[in-house]
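Q: Now for the letters of each chain:
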Amino acid sequence: MLDSPISRRSLLAGAVGASALLTLPRPAAPAVKKGTSLKLWILKTYVEPTNKAIEASAQRWAQKNGASVSVEYFTFEDMQTKYVAAIESNSTPDIGQLETSAPARFAGMGQLIDLTTFARQIEGQVGKAPANVSAVTMVGDKIYSLPWYVMGGFWYVWRDVFEKAKVKLPTTFEEAKQAAAALNRPKDNFYGMGQSWNRTSDGYGVMQSLMYSYGVGWAGKDGKYKSLKTPAMQTVMKWATDIYKDGIQPADTLTWTGSGNNENFIAKNIAQTSNGPSITFALENALAKATDAKDRKAKEEALANHVALPHPAGPDGRRMWAIAMSFGIFKNSKDPEAAMSLIAHLLSPEETVAVMKDSYGQFGPVLDKARAASKDYFNKNDNYRTFGRAAEWFAPTGWPGPTTAAAAEVQASNVLTDAPAKVIVDKWSVDQAIDWEDKKIKEIYDTLKG
Amino acid sequence: MTIKTLTWLGLALFLLVILVPFWWIASMSFKTYEQIQFATSIYVPSPFTWENYTGLWTETRFPLWLRNSAVTGLVVTAITIVVSSLGGYAVARLRFPGRESVASLILILYLIPPALLFIPLYRVLAELGATNHLSSLFLSYPTFTVPFATWLLIGFFKALPDELEEAALIDGAGRITAFWRVLLPLAAPGLVASAIFAFTLSWNEFLYALVFIQDEQSITVPVGLNLLIYGDVFHWGQLMAASVITTIPVVALYVFIHRWMVEGLVAGGVKG
Amino acid sequence: MALPQTVGVPAVRARASLWRRARTREAATALLFLLPLFVLVVALIFYPVYRAVWLSLTDKLVGYPERFVGLRNYAYLAQDDTFHAVIRNSLVFTVGSVGLKIVTGVLMALVLNNVIRGRNFFRGLFLLPWITSTVIIALTWRWMFDAFPGRGFFNSVLLDLGVMSRPKAFMASPEGAMMAVVVANWWRGFPFFGVSFLAGMASIPRELYEAAAVDGAAAWRRFWHVTLPGLKHVMIVTTLLSFILTINDFNIVYVMTRGGPGTATQIFATYSYQVAFGQLRWGRGVTISLFVVPILVLGIVLISRYLLRDRK
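Protein chains in written order, with the working numbering: chain A, 1 to 450; chain B, 1001 to 1272; chain C, 2001 to 2312.
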């Protein structure tokens, strides 16, 4: 179709040229001119104390260096629009927190500064991330962003429900499905599972965890398109649609918004669901707001009975899609050196732990020095210990290949969750859905080379 | 069934249909998260709580959004009134070639959808450096408020008697003075109607505000409401409280002026 | 302006040129008065439309410079099954809600027409949905249809009345979701129809009713043969207007369903937004919106004809 595919290489060449001048002169603190002002964009999570903690950390740097930082937030909702708008109108911040597929996308547009040398230089100070995580920050062998934490997905279950029915806690997707069937009590409005194939990360994230755990990917290790029409994908699609067909989920699961599964789990309408630590946060919060002794007891029980298991494994391993947040510096930044200094500060073990302490377990730090330092924090209880391991299981968008712009678009096009929806709602066959999905993905790769 | 009974029945039915949704959100705005989550005291919240309203004020940037929406509404209304009264008068009362086409064109303009314009308009505004500030709204909102208001005012101006203006002209006043001193005051109901429409359209607009502005300082209420939904947690109660608060100014304005507004709607729309 | 009959030819000519000068002055004043409107319209409506057309002929991707690709976006959309669904959904959404609005509008006008005391009050009250922000209306109806009894009005009521034993997820199926967005759009829009029709009824001459009554026609026949035909003009104009505005709606679907489940409620505006800001493909995104232009033009031509006819 395209006679000359959009080559990122030509754009990257420009970026590389610019960044050659921006390596640090010496390993420790980069020089920060007094009075420098930086704009920092951060993801606003549902745990307000965490957002404040990150801001406080940035302000500490500002104070220490006689500079100033203005922090702006984006949410899961407007993340895309905000960055797109900024890029198109040339009003990007100095430092932006980037989600899983953003570094590849923005680097491909030539928007990010090459941080390869910088990353190596601060390794002594902050440590490095495991290979599976740092993969999202790289294009080829150049690093474009520095990873900070991972917001993992975990498999939430009600332990008391399992114990009462004498069902074993699941470790694989197959076990989860069987457990759901065993625990299902539609007459009492209680269902075995709540997995929505919606357009939030609760949908496309879990679909990817499912696929990757079964060894299925739409791209090869080289990042090029690979056909989805395999037996393994058939099994995946069957699992994804059987949980609806078998009636082990509430009827409206497909239309849940991001909070749908949280609410249903907390209301004990479902026995299992995939979610980030926000459920634990909600239960801890509810306990803190308990009104009387009886209410208190109920909330304590809920807290004790809910378990966050590691995300289920498939025949090919345990892989968990997660939101990996990293820091990138935009090419329009007027003071990249100061920006690097701020990043080094934020990523340092001390600062990371300070933020972690207000995070209710949301963040799984990925740099090994920070992970070591926050070990005590995550030792609080079993759930937190699981949260802390998030980086272990992380698999990025586009696995087993690198996270490319094309992979990012596949996720953004909603094709991953639209496909099972077509089987469930429009009554397509599994084969039809896979064919359709495969065609759409191929189209994206064909028009977006690189 | 007499006509009278049918009428009363119909009235009651319409009242229900129209008021129930309002009551539903208002009632939920007074419930706590737990009351909503666990479906206790469904129809009438008890205990009653103001925590959503106070939370809205202290925990979110709702006051800022209100301010932004208000400022935008006022500026856009001012621009709209000026442009549309001038234009409406010209089409209604001045003779010039192509007058009828201009009149039709104005209506057509109102029908060009924001859904079509939002992408290219974004680029134009970005090139002007207006994006990310309220000025992007000051420039883009008139694209739909002005055609509508002009069309309204054409109808209003046309309905005014010629004689007063003629009298002023004969007395030696120029067109502009005649417009300013004689017609404008007479068209007050139409102007008020247009102003209220412009303010309301601007207060409620969503797509442009969503796309053109990301800067936290410049968020307007509809976009802010959208943002109250972040991550996995919906602050239901606060969303409802915000909805209630947002609707009040428009309803209040409206209660005082609805008669004029309906007259304006009808004069401009129905009678052509 | 009447010229005195008794004036001779040179005087007539002098008068005529004076008259022409006055006319030119009038036209000049008109131009002056219309200037702000003109500037606004050209700079912020015509120019962006022109840019939109240009953009639709490129492969513009966010962050990359655009390249001319001719009709490729159009060709892609023509064979894209998602886009076919979008067209279907948009038509269902629009025809469904406009149809309901017409019927309800007539009923509302009939009811209000028969209310003598407090008519203005009720008329004002009934217009409340029309002035409320569509974002709030969308949120409200999403909650009305919610499957959670604590939040969903219909579920709460039906469960409490014993009509249902389990909560029903109204918006979980494609039909249900489409129904929900149609209801929200209808609720918002029917008051406008009602008020317009009410005004239209007021301008139907009483004599027609009296004549029908004299002929012994019952209420129903009076309605059918006098009221409805009398409303024909208003109906057509209002319907066309509403059709055009509804088919381009964004807020209601975006806030209520984001176009889901799957693509069940995806309509032109929401799909355009997703492609442009989710998939970062602006060329294609604009093309989606441009597809509505033919319908727009048709609607506009029809409206202009009806309005112009009336003015004459």
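The reader is advised that the hints may include incorrect statements.
[What the hints assert, rightly or not] Among the chain B residues that face chain A by a calculated CB cut under 10 Å, a handful are:
| hint | residue |
| --- | --- |
| 1 | T1005 |
| 2 | N1226 |
| 3 | L1227 |
[As the list claims (entries may be wrong)] Straight line, CA to CA, 25 Å or less: simulated DSS-like cross-link-like pairs of lysine-lysine:
| hint | chain 1 | residue 1 | chain 2 | residue 2 |
| --- | --- | --- | --- | --- |
| 4 | A | K427 | C | K2168 |
| 5 | A | K226 | A | K299 |
| 6 | A | K299 | A | K427 |
| 7 | C | K2232 | A | K187 |
| 8 | A | K245 | C | K2168 |
| 9 | A | K224 | A | K439 |
| 10 | A | K422 | C | K2232 |
| 11 | A | K268 | C | K2168 |
| 12 | A | K245 | A | K226 |
| 13 | B | K1158 | C | K2168 |
Hint data in this document are derived by calculation from the structure and do not stem from the laboratory.
C-beta: ideal position from N, C-alpha, C; glycine also.
Q: For K245 (chain A) and K226 (chain A), compute the direct alpha-carbon distance and say whether it is at most 25 Å.
A: violated (29 Å)
Q: Holds or violated: K299 (chain A) and K427 (chain A), Cα atoms, limit 25 Å.
A: This hinted pair is violated, its Cα atoms lying about 41 Å apart.
Q: So, L1227 (chain B) near chain A? Judge it on the closest CB pair being under 10 Å.
A: holds (6 Å)
Q: Is the interface hint for T1005 (chain B) satisfied, with its Cβ closer than 10 Å to some Cβ of chain A?
A: Not OK, violated: T1005 (chain B) not within 10 Å of chain A, min 40 Å.
Q: Take the C-alpha atoms of K422 (chain A) and K2232 (chain C), compute the straight-line distance between them, and say whether it is at most 25 Å.
A: Violated, at roughly 43 Å.
Q: With a cut-off of 10 Å on the beta carbons, see whether N1226 (chain B) makes it to chain A.
A: holds (6 Å)
Q: Given the hint that K1158 (chain B) pairs with K2168 (chain C), test it: the Cα-Cα distance must not exceed 25 Å.
A: violated (54 Å)
Q: Need the status of pair K226 (chain A), K299 (chain A): alpha-carbon distance at most 25 Å?
A: violated (48 Å)
Q: Sort out whether K2168 (chain C) lies within 25 Å of K268 (chain A), counting only the CA atoms.
A: With a Cα-Cα distance of about 17 Å, the restraint between K268 (chain A) and K2168 (chain C) holds, given a limit of 25 Å.
Q: Take the C-alpha atoms of K224 (chain A) and K439 (chain A), compute the straight-line distance between them, and say whether it is at most 25 Å.
A: Distance of about 14 Å is within 25 Å: holds.
Q: Please verify whether K2232 (chain C) and K187 (chain A) have alpha carbons no more than 25 Å apart.
A: Violated. K2232 (chain C) to K187 (chain A) sits at ~53 Å, over the 25 Å cutoff.
Q: Are the Cα atoms of K245 (chain A) and K2168 (chain C) separated by 25 Å or less?
A: With a Cα-Cα distance of about 17 Å, the restraint between K245 (chain A) and K2168 (chain C) holds, given a limit of 25 Å.
Violation of the numbered hints given earlier is confined to hints 1, 5, 6, 7, 10, 12 and 13; the remaining hints are satisfied by the structure.
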